[in-house]
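Each chain is listed here by its residues.
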Amino acid sequence: MNKTLFLFLILFFVSVISSQSLVAQSSNVLQDTIKVLTKKEKQEAEKMYNEGVIFFKSNKYDAAISKFNQAIVIRAKFPEAFYNMASAKFAKGDLVSAIQSFNYAITLNPTAKYYLARGIAEYQYKEYQGAKSDFNKAIEKDSGEYRIDAYYYIGCVYFGQEKYDEAIENYTKAIEMDDKYTFAYHDRGSAYRMKNKYQLALSDYRKAIQLNPNMAIAFNNMGSVKKLLKDYQGALIDYSSAISLDSNNAIAYNNRGTVYKALNQTDKAIYDFSKAIAINPSYAIAYSNRANLKFSNKDYENALKDYDRALELDANYGIGYLNRGICKEMMRDDEGACKDWSKANALGVNLAGDYLNAQCK
Amino acid sequence: MIKYNSIKILSSFLIIFFSIINLQAQNIDSAAVDTKVDSIKVEKVKKEKTPKVKVSDSTKLMNDLIKKADRVFYADEKRYEKALDLYLQAENMGAKSSDLYYNIAYSYYKMKQYSNAKNYFQKMIPTDSSSNMKLYYYLARINALEYNFDTAITQFDTYKRSLNPDQLNEEGKDIRKRIKECETAKEFIKNSGTSFIDILDTNINTLYVEYAPIVSLDDSLLFFTARRPDNIGGGRDNEGLYYEDIYFSKKDSNGNWTKAQNMGKGINTSEHDAAAGLSADKKQILIYRSSGNGDLYLAKRNTDGWSKAKKLNKYINTASHEASASFSYDMLKLYFTSDREGGYGGLDIYVSNIDEKGNWGEAENLRGKINTPYDEVNLVPLPDGKTFYFTSSGHNSMGGLDIYKIEYKDSMWSDAINLGYPINTPNDDVLYSISADGSIAYIGRSNSDSTKHDIYKLTFMKTAKPTIDDIDVVDLAIERYGELLPEIEPAVNIQKMNLSVLKGKITDQLSGEPIFASIELTDNSTNQVVATFHSNEQTGDYLVSLPSGKDYGIAVKAENCLFYSDNVSVKKTKGYNEIVKDIQLQKITVGSKVVLKNIFFATGKATLTKSSETELQNLLKLMNDIPTLKIEVSGHTDNVGSAKKNKSLSERRAKAVVDYLVANGISIDRMVYKGYGFERPIASNKTKAGRQQNRRTEFEVISR
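Protein chains in written order, with our numbering: chain Z, 35 to 395; chain A, 567 to 1270.
I should point out that these hints are in silico values taken from the structure, not numbers from a laboratory.
Computed from a predicted model, the values in this text were never measured in an experiment.
Some clues are possibly wrong.
Under the rule of at most 25 Å between Cα atoms (straight-line distance), these lysine-lysine pairs were calculated in the PhoX-like manner [as the list claims (entries may be wrong)]:
hint, chain 1, residue 1, chain 2, residue 2
1, A, K880, A, K923
2, Z, K395, A, K1028
3, Z, K166, Z, K214
4, Z, K332, A, K1211
5, Z, K126, Z, K175
6, Z, K373, A, K1031
7, Z, K395, A, K816
8, A, K1031, Z, K395
9, Z, K395, A, K880
10, A, K1031, A, K971
11, A, K1138, A, K1171
12, A, K756, A, K700
13, Z, K81, A, K1116
14, A, K1069, A, K1023
15, A, K1221, A, K1171
16, A, K1171, Z, K332
17, A, K1153, A, K1171
18, A, K1138, Z, K395
19, A, K756, Z, K332
20, A, K1240, A, K1211
21, Z, K264, A, K1031
22, Z, K339, A, K1028
23, A, K739, Z, K373
24, A, K1028, Z, K332
25, A, K739, Z, K332
26, Z, K302, A, K1031
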């Protein structure tokens, strides 16, 4: 029974009695009595907190944060309020502030769950050392689900640090404790892919799909491995599955476009790249790929327009610079080509560095 | 059939170069050729001066003009612009015939005025079905130059079908070759490459004729041939064109060619002198001179400048025509062009090796991978010793002269590769020199509808680098589906106010009449009054709502009544709970007794507990309210323990109450205290509840 209904019943009850002149006492006194007792029991903080929980569950994170904050003002030692406030900040993407709130929550209640949560926030903030230390704390304090999640996330941290062997090791621990851990299979597949262990990668992606047949990204990534293996037909099937699971899957459209291009099915490739762009007009990669297609048809002018757009959208897109440089070279803009290759080289595209050394002053 | 191939016309280097590039040397239509323009003017002036004549005179004049034109047109030394002028005058005077149109069209064709030629050839078609079918051949050639390849093929075919067996025997090969060229051209254009062809600026190209650009391997020095008024001697050949001279230009610090200058005497003579080739060290230049049917010369550069050019030996120069020479990079070989006996036909490329004494040896034909029955010229080697370029009207030409690449590996020539469109065109394209890295070449070409030759720079485009298609991956599931924090903490239970309603009726003990009384509730855990209220005046009813789960003390006071006190334990319940407590009050009369239910002592002791305070205050108030009141406070126990001990305890407890009142200002005179032990039980001592009731403190009114 919620609070409002409850009060209403009391008032209703009192008013009925009063009308019968059975009560010598005014309702004010009655209410006062209740008020005095409530305050004494400090339920205000909990009420605010509960309202915060309701806001959180309807994704109204700002309102939730405000309520949790009010709860904390009333009751400073309220770890759940800190934890939930941190979660709301995290949901908003305000990672620094979320981590701060997790800090308070952990001071008051240093549990595996809270360490895991802070670790995840730090992970997302790419504060990998802090994240790893928190995940290890969670592992130390828990033998159940938080421990499993902590292993999974340590895997993610190592992945983020490009330490794929360590990533695989930790994903494997998570899988050993929970053999239905879809994400762990999927991510381990990606780690295997990074190690060029394509068959193991495919096997893990397949397992993830077995556990969750709607996991579009697993289809997408499986398709990408098949493309690397030049199994173009297999790749087409997987990308198409990803698209049928999610018709707004710009990534899968983009990738399928590259397969069609490799198969010289230019019209289909153009369609897929354009579709990816229609779904996500800020999709730099799809612009660059479409430009490549135009470039290979010697339509340099229009290719250049797409390259320009791609780099407008992502000024740090190294491959985009490499490609645009190649296009500019063919358009006799040697200076422009060298500038683009220089930029691509600075962004880590080694091939551009080779071109730069060979052709530019 | 009109023969105009290069072999027949060998009088000058000019003619060779121009015939190679199908200029059909005799009638170069160029703004530069002033004398010819003058001669036409003269004719026109004459025409204007012609007085009005009668029709018969006019017809005669017209016929005379045509006769005169025919003489020029069919002469050995053909002067097409002269013939054309006369034919056009005749046409202006009303002459009309298929032959006239043909000769006008053909003259235009020879003068490379293709659109005019086309008009007149086409005029023939409707006028005379028996007209010279050769017109289709020329229309086809013009259409091929204008990139109308399908039309050209149809027209070649039309012409071919009109030929009798003898004619076909003679011309079939040429027609087939030209059809093939159209087909090749279509294919090349479809698969065109990316190279850039830029005309050199006016420091090199002028309104005169420039060609044969010989550029040093390091792309810093340019020799070329031009026909300009500042040639040595300043003369013109019998075609009215200035003699060829060699010019040179250097690159300035910005990489631009400087204004070209005449090489001067010693290199240039008063006749034709043309640049043919240059050594890698830029110190020896090969020169073509028109003397002796066209021969090759060599000049060397020393500290004083260029030496006088010396004619090369007999293995190089013969009675035939020699031109376009080049050195191998190591200077051990000399490649040159000659139409000498024993070749494959047309111009062929030969090589001569230098002997131990430094003399050029016997020349060898480079054979069938390079030479064809058509013309091959300008073998240009790259410093790598294996890559060569040459120019040919044979092989798989797309029309006219095309540029080819060929490799010499393991003592074998590879197949020649046509460089394709846009380096080659249906017109003539000639490569003269190339930079050391093979990226830049210099070519000569003319516009398709002009005899004006210029020098172009060809930038070979490397094959397009591969662009990289980017596959997009989302490596980690959480990147796609978001990091999943552990669940948020759930809502907490708010302690609900489980209220109990305490209600009842307050009446007089004896009469049962309702009493208007004040009721005071105390939270026993805190000893604080939580509610004060009254019973209904008419009915004596009262009602109060209380949070459950607590013990309350209830004290009821009414005028002239002894106060009533009791404990109410409101159990923690869910939802609504009702406790009914009816209370009977006693009037204050002597003998009235009240059990002080809310007075508590420490177990076995006479010490008042704190929770007794409210009850004691009530008693105190009663004593103050009725100053005359006198009371006896009595203590009572259950029967557990000795009578003596109980009596003593009960007395001490009664005294403790009296002491409290005394301490609060009540005179001791108004009170007595007694301990009755278990002498006056009010309930059975056999039950726990009974014993509890018997353990009590009472007061009795002894007077008021």
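Consistency of the hints with the structure:
1. K880/A x K923/A: OK: K880/A and K923/A at ~16 Å, within 25 Å.
2. K395/Z x K1028/A: The hint holds at about 18 Å.
3. K166/Z x K214/Z: Satisfied, since the Cα-Cα distance of roughly 23 Å is no more than 25 Å.
4. K332/Z x K1211/A: This hinted pair is violated, its Cα atoms lying about 120 Å apart.
5. K126/Z x K175/Z: 28 Å, violated
6. K373/Z x K1031/A: 16 Å, holds
7. K395/Z x K816/A: 23 Å, holds
8. K1031/A x K395/Z: 19 Å, holds
9. K395/Z x K880/A: Cα-Cα ~49 Å, so violated.
10. K1031/A x K971/A: This hinted pair holds, its Cα atoms lying about 21 Å apart.
11. K1138/A x K1171/A: Not satisfied, since the Cα-Cα distance of roughly 31 Å exceeds 25 Å.
12. K756/A x K700/A: Violated: K756/A and K700/A sit about 30 Å apart, past 25 Å.
13. K81/Z x K1116/A: 23 Å, holds
14. K1069/A x K1023/A: Roughly 115 Å separates the two Cα atoms, so the pair is violated.
15. K1221/A x K1171/A: 12 Å, holds
16. K1171/A x K332/Z: Status violated; Cα separation ~111 Å.
17. K1153/A x K1171/A: Given pair K1153/A, K1171/A is violated - Cα atoms ~32 Å apart, limit 25 Å.
18. K1138/A x K395/Z: 90 Å, violated
19. K756/A x K332/Z: 12 Å, holds
20. K1240/A x K1211/A: Since the Cα atoms of K1240/A and K1211/A sit roughly 14 Å apart, the hinted pair holds (cutoff 25 Å).
21. K264/Z x K1031/A: 21 Å, holds
22. K339/Z x K1028/A: 22 Å, holds
23. K739/A x K373/Z: 54 Å, violated
24. K1028/A x K332/Z: 14 Å, holds
25. K739/A x K332/Z: 37 Å, violated
26. K302/Z x K1031/A: Within the cut-off at roughly 23 Å; holds.
Hints 4, 5, 9, 11, 12, 14, 16, 17, 18, 23, 25 from the earlier list are contradicted by this structure; the remaining hints agree with it.
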